[in-house]
Amino acid sequence: MTTATQTATTGAAALPTVRRRRRRRRVNMRAVWRTLGMVLIVVWCLAPFYWMLITSFRQVDFTYDNALYPKHVTFDNYKAIFKGSNHFGRALFNSIVIGVVVTLFAMIVGVTCAYAIARLHFRGKFAVLGLILAASMFPGVALVTPLFQFFTNIHWLGTYQALIIPDLSFALPLCVYVLASFFTQMPWELEQAAKVDGASPGQAFRMVILPLAAPGLFTAAILVFLSVWNEYLLASQLSNGNPNVAPVTYAIATFSGSDPRIVPYTSIMAAGVVVTIPLVLVVLLFQRRIVSGLTAGGVKG
Amino acid sequence: MHYRRLLAIVVAAVLTVGVAAGCSSSKSSGGGGRGPITFVTGKDTSGVWPAIASQWNAAHPSEKVTVKQQSDQADQQHDDIVQHMQAKDPGYDIVTVDVIWTAEFAAKGWLEPLTGQYSLDTSPMLAGPVKAATYNGKLFAAPFASDGGLLYYRKDLVPTAPTTWSELISDCAKKTSGMNCYGGQFSQYEGLTCNAVESIYGAGGEVVKSDGKTPNVDTPQAAEGLNFLVNGFKQGYIAKEAITYQEEPSREAFQSGKLMFLRNWPYVYAHLTGDANSQVKDKFGVAPLPGLNGLGTSTLGGHSAAISVYSKHKATAYDFVKFIETPDIQDNQFLKVGTLAPVIKAPYSDASAIAKFPYLPTLEKSIDTAIPRPVSPFYPAITQSIETNVYQALQGSLSTEQALKNIQAGITKATDG
Amino acid sequence: MTAATGQLPEQVEGAGQDRERRRRRARASRGDSRLAWRLILPTIVLLVVVIGYPVVYAVVKSMQLDKADAGINPSTGFFEQGGKFVGLKYYRYWFNCNCPNGTNGHEFWPSVQTTLIFTVITVAFEVVLGTMMAMVMHRAFKGRAIVRAAILVPWAIPTAVTARLWEYMFQPHGVVNSVLGTNIIWTGSVWPARWTVMLGDIWKTTPFIALLVLAGLQVIPDELYESARVDGANALQRFTAITLPLVKPALLVAVLFRVLDVLRIFDLPYILTHGANQTTTLSILAVNELRSSQNAAAALSTITFVFIFLVAFVLVKVFSVNVVQTQARTVKA
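Here the protein sequences come in this chain order: A, B and C.
Just so we're aligned, residue 1 is where the first sequence starts under the numbering used here, counting upward by one.
Just so we're aligned, residue 302 is where the second sequence starts under the numbering used here, counting upward by one.
Just so we're aligned, residue 719 is where the third sequence starts under the numbering used here, counting upward by one.
In isolation and in its complexed conformation, chain A is listed as follows (with noise of 0.2 angstroms):
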């Protein structure tokens, strides 16, 4: 291909008419396998959440229906969600707040602690890593009892402290690893530059590095956020039941039919859609800052 722009100088006229021709269909291919790609990536992630949206606008009585199309649709679900005896409103606040100060946090002494690991030398770095690491290899399931009798000697229990002090258990982990890959990879000869310009390491560290690791930066806070958001054994545990702390995940658990054996899958459904098209609404807000690459940091310039 290459050969063929070298010759561009010295074709005669119907020469460009090919190449350009022969450039469409190459283009035209790539671009064909790309919409292809893009098409069955949306199918495959969404076939499901359709599925859920389906069941959701659909009546109790026919919760067994197996119809691809709207039928039988009512607005029943989710209004019974919010009645008032599931306080499931009060859940989708009580989630955000405890995602986003975990999230907050996490970051905040995830960046400081995986800053120290990519970017200062000192002994025993491995075995810090390993630690960490370690804090997730630990079941969850295990770790409800001894948390529960802890947060009940000390009154915590029911409260936001009880649920957000264990989720940062694993949030933090996680943080800090993809936080010290992302900072490895940063180019810190830019560093160097600003501190000799005059710039503090923290004013260095704070104007050029987090700019160019914004892309890991904000995949961290989303993987963390949701995470927290995923997590139902020790906050169902750990909430005791206080609707005024349960997040969203208890509150979807202790849904019911008219029966304790009946499980109340056209109410779940319609809990899932709730819970789910607002947060990929904010995620479309930011998605631009987690792909915006070192083109917008200016590495290049």
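Zero decoy hints are in this set.
Here are a few chain B residues that face chain C, going by a calculated C-beta distance under 7 angstroms: (1) Val-315; (2) Lys-409; (3) Asn-437; (4) Pro-681; (5) Ala-682; (6) Asn-690.
With a Cα cut of at most 27 angstroms, we get these calculated BS3-like pairs of lysine-lysine: (7) B:Lys-344 x A:Lys-83; (8) A:Lys-79 x B:Lys-344; (9) A:Lys-71 x B:Lys-559; (10) B:Lys-439 x B:Lys-666; (11) C:Lys-807 x B:Lys-514; (12) B:Lys-389 x B:Lys-439; (13) B:Lys-637 x B:Lys-666; (14) A:Lys-71 x B:Lys-582; (15) A:Lys-125 x C:Lys-966; (16) C:Lys-802 x B:Lys-514; (17) B:Lys-369 x A:Lys-83; (18) B:Lys-344 x B:Lys-637; (19) B:Lys-637 x A:Lys-83; (20) A:Lys-79 x B:Lys-369; (21) A:Lys-125 x C:Lys-1035; (22) A:Lys-83 x B:Lys-365; (23) B:Lys-666 x B:Lys-584; (24) B:Lys-409 x C:Lys-802; (25) C:Lys-807 x B:Lys-409; (26) B:Lys-389 x C:Lys-802.
Bear in mind the hints are in silico, worked out from the structure with no lab data behind them.
Please read all numbers here as calculations on a predicted model, not as lab measurements.
For every residue, glycine included, the Cβ atom is placed at its ideal position computed from N, Cα and C.
Since the structure of chain A is already known, use the hints to place chains B and C on it.
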């Protein structure tokens, strides 16, 4: 260097606290006083508790009851109570226990025995629920709602319900195409234990001897009982897909007209008559479960109210427990509002109730003659053994005899510690 | 700025610069060390407190006799007092039970096998699918925002809801059988049940890997691809020589955390199949045991912890996961 020392101190502190907590300390075990109480129950799907609580609160303004609802999953309710009891929480005054948890919680010393100053008069109650709440000769919980297994059948195809298994199987010749013969709950969960145990009882077998401890399930009678289900899958009078059935899928199969006979709980009745998609509205009847040589026995479901030993207001709790046993509450709240089966005999002869729930006489008989699942502190291990082995026998990967041998060995191992 | 010429900074440095760097490093390391520890301490303290305490608690409890194993007092019917030191009794129980079928002790080795099978298969699929997704999302094109939002949807749905959705879709008369026209009893036998669980996990967590790989792709400078194209490399060669090595740090972090997560998986199989048909993982087994004997469950948790540690150790060694590996080192190759 400072920081390493600081870290070492923190680690040492955590180790000490951890070891100290591991060796648990004992706390005071509550008091018999009066005052506000918390009543813990699973998710109130039947909507009875608000009215009961406000009736009580109106009459006892200084001893108000707060109803705390857990989730609607039995496993989570159980684990929630366990966590609070292990932490010796005085915040749970009365807990609702499923019939199968009573012995376990009683043996762990968490429930106040209902004797002496807390004794309860059980003479107006049905025999089955009282038996299920009695451990080691003492009553540890007050049953307030019960449940028994019933046979739902298509009376438009089979005018009289079968009383034996062989009758049931031959009645299935009358089913229309596209229908399956018999359905129950056969997925690997507690419901399977109910079905398996009912079949074993129905052939005259037993799971444990009358002492409640010694396993006696490796018998020819138990094998005959279990074979009713195993042969069902082998010979085809139970559909292959029924291996995934819990209460709801089996109800759905019967409700859409695809099942001839269904073993399920009373809650199904309202759906069969009232749901918009029900194909069997006026075409079904309710009967007692059939057995090998005559009518079979149901197992017992239901819930009881137990006073926590860590409660600080046990006298109030005791009065509330007596309150929910009164005929007024049992009839007008549990039965008429909540469609739950009462535990005292009186409401079952209430004409207006029978008009509303025609299956009531059948249900009363079913509960009165019901045999509880093994009343044992080791029930979780026992039911696990039964569930797993029966499930594999139904799938065909274990023979009935081997399954029963495994259950026998499993129960022995569990009760021997 | 030094990089204005478009050449990689590393190519400019020579041996002399290396020596100077080493000297500077030695001088700075003492100051570095102090600063580093100050920065790391909050993280470590928090983790030690939140995780360390339960670990110690579990280890201590696992060596004490559980109340439920202390026998029943024949007159009161109550369990005797537990707490006596019993050493490795519970550990021997898990490794060497000879228990009858249907008891928890019998399920230890099968659940180890199940957990490993889940881990290997789901992570393999997720890596391939996730990388493909990231590659597609990487370049600018119309509708990129929609694809990115679509990818997040599986990850954003709470696990419990996904489990219920899967349970609902894979019923014998559910929508999956109706769309495929089959009659498979998905949760009725071993491999269909396992695949249902694994499919649910793959669908749900591929976005996790896709996101991390995407972020890793973003930091690869375009000029590397350009110069490779000029040198005549085709798409596959560009992928294996540039993309893979540079994305490796991000990808390996993703794989590492995914492996750790799947080894502890609980919610999805518990709600979907309740652990039946050999889908019982170590965490499910621990929860089941918790209902009988707490301290035996504590021993199982400790065993799981050590097991996961060994797996992670092997993973890190075999794939030389080195979080602090720099771009410079990989590009030189």
